[in-house]
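Engineer: From first to last, the protein sequence lines are chains A and B. So the first sequence is numbered by the numbering used here: it starts at 1 and just counts up by one. So the second sequence is numbered by the numbering used here: it starts at 1 and just counts up by one.
In case anyone wonders, no lab produced these hints; they're calculated from the structure. Careful, some of the hints might be misleading.
Since the list gives no way to pick out one identical chain from another, each pair is judged satisfied if it fits inside one copy or across any two copies.
As the list claims (entries may be wrong) - Within a straight-line C-alpha distance of at most 16 Å, the following computed EDC-like cross-link-like pairs (lysine to aspartate or glutamate) qualify:
1. Lys77 with Asp89
2. Lys138 with Glu50
3. Lys80 with Glu44
4. Lys4 with Asp61
5. Lys80 with Asp153
6. Lys77 with Asp59
7. Lys4 with Glu29
8. Lys4 with Asp59
9. Lys138 with Glu177
Number of protein chains: 2
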Amino acid sequence: MVAKLYCFGESGNAYKAALTMTLAGYAWEPVFVDFFRGEARSPEFLALNEMGEAPVLVDGDRTITQSGVIQLMVAEKTGKFMGAPEDRDEVLRWLFWDNHKGSSQFGTLRFLMNFLPEDKRPQETIQWLSGRVRAALKTLEAHLAGRDWMVGDGPTLADFACCAYLYYPEPFGFAREDYPNIGQWLDRIAALPGWQHPYDMMPGNPSDRA
Amino acid sequence: MVAKLYCFGESGNAYKAALTMTLAGYAWEPVFVDFFRGEARSPEFLALNEMGEAPVLVDGDRTITQSGVIQLMVAEKTGKFMGAPEDRDEVLRWLFWDNHKGSSQFGTLRFLMNFLPEDKRPQETIQWLSGRVRAALKTLEAHLAGRDWMVGDGPTLADFACCAYLYYPEPFGFAREDYPNIGQWLDRIAALPGWQHPYDMMPGNPSDRA
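Bound conformation, chain A alone:
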């Protein structure tokens, strides 16, 4: 039975898992989670993942949540995208950084600025979070100076984590022209065989709700 990824197109966290599996050639199929109608907080979904979050991967008798854990499982099973043995700490630390300072803030700011009704958007919070997002993008831009990939000489899980929210069209303060190293790196990832945009890789996108 092919692995099932509970996901939705707007979720960069789900995209990290979907992109890693796709590029590693790990067979999977999507199961749509209707996040915007509250499905991730439903009793049925909480029985699958008490954290109330996508993605969830159901793979044989193994149920895995948290994109980082799914990414690590795929790397372990396929032998791909973990980098050289001496780079393991470095790959792991960017996965943690992404979860802590990168995607977590990019995704939240994008949600507040685009997916809340206009009259419900908390303006002070958006300003505050924008500052934190700029600081994270600055760290990423500086790290990518003179590098093709986040770690070592080729793509790793660190690239597929840190890039995830940066392909979305909805504005949250990231523009490629302001961060040229990031922009070129996103093009490099998008040129990998099998790459697809999150809205093409997973079901569900804002136009469904328009």
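Chain A is already provided as a structure; the job is to place chain B on it using the hints.
Structural biologist: Just chain B, lined up with the frame of chain A:
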């Protein structure tokens, strides 16, 4: 040469590393980072950790950043606190959850509510983040119902990550009486041989700046 942990008492993230090493019997000594005077953003510190964050562990010729990576290294080297082999995914997913939804938000809210000057505290943001912190605490409280430890039958890295900000006295919306499962679990961790409060384990605390 004993491993050096760049840290400061107020940092729950540094505490995760310090607590894990201490309880695992991994020799370390602290190097104080004067975070509140901007040391973590100084050129010297950025040369050590481009992310501009504590903790950093310098251990022989290995420099490790991100508390989760330090925790995993200690578990690997000492054979302690990783849980049973079949629980590895579960330990990892709580480490990622903690970095994404737990400590990241607990620590940030505590900072805004206590360590910013009173007239600079962003009230709308504090309200917004308080709601997210409550949701995270609810997930933790529910997970700990009927359990002594986050994963399996004994303490693991998952406990030492998720607990880190919950021992601090500065208010950020967490009170043990509102979360009895969490309260009992914090007592259980604090009863482990060698446990110390973060302000006793690491240099630097708010009274230094009073």
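Engineer: Which numbered conditions among the earlier hints are violated in the structure presented, ordered from lowest to highest?
Structural biologist: 3
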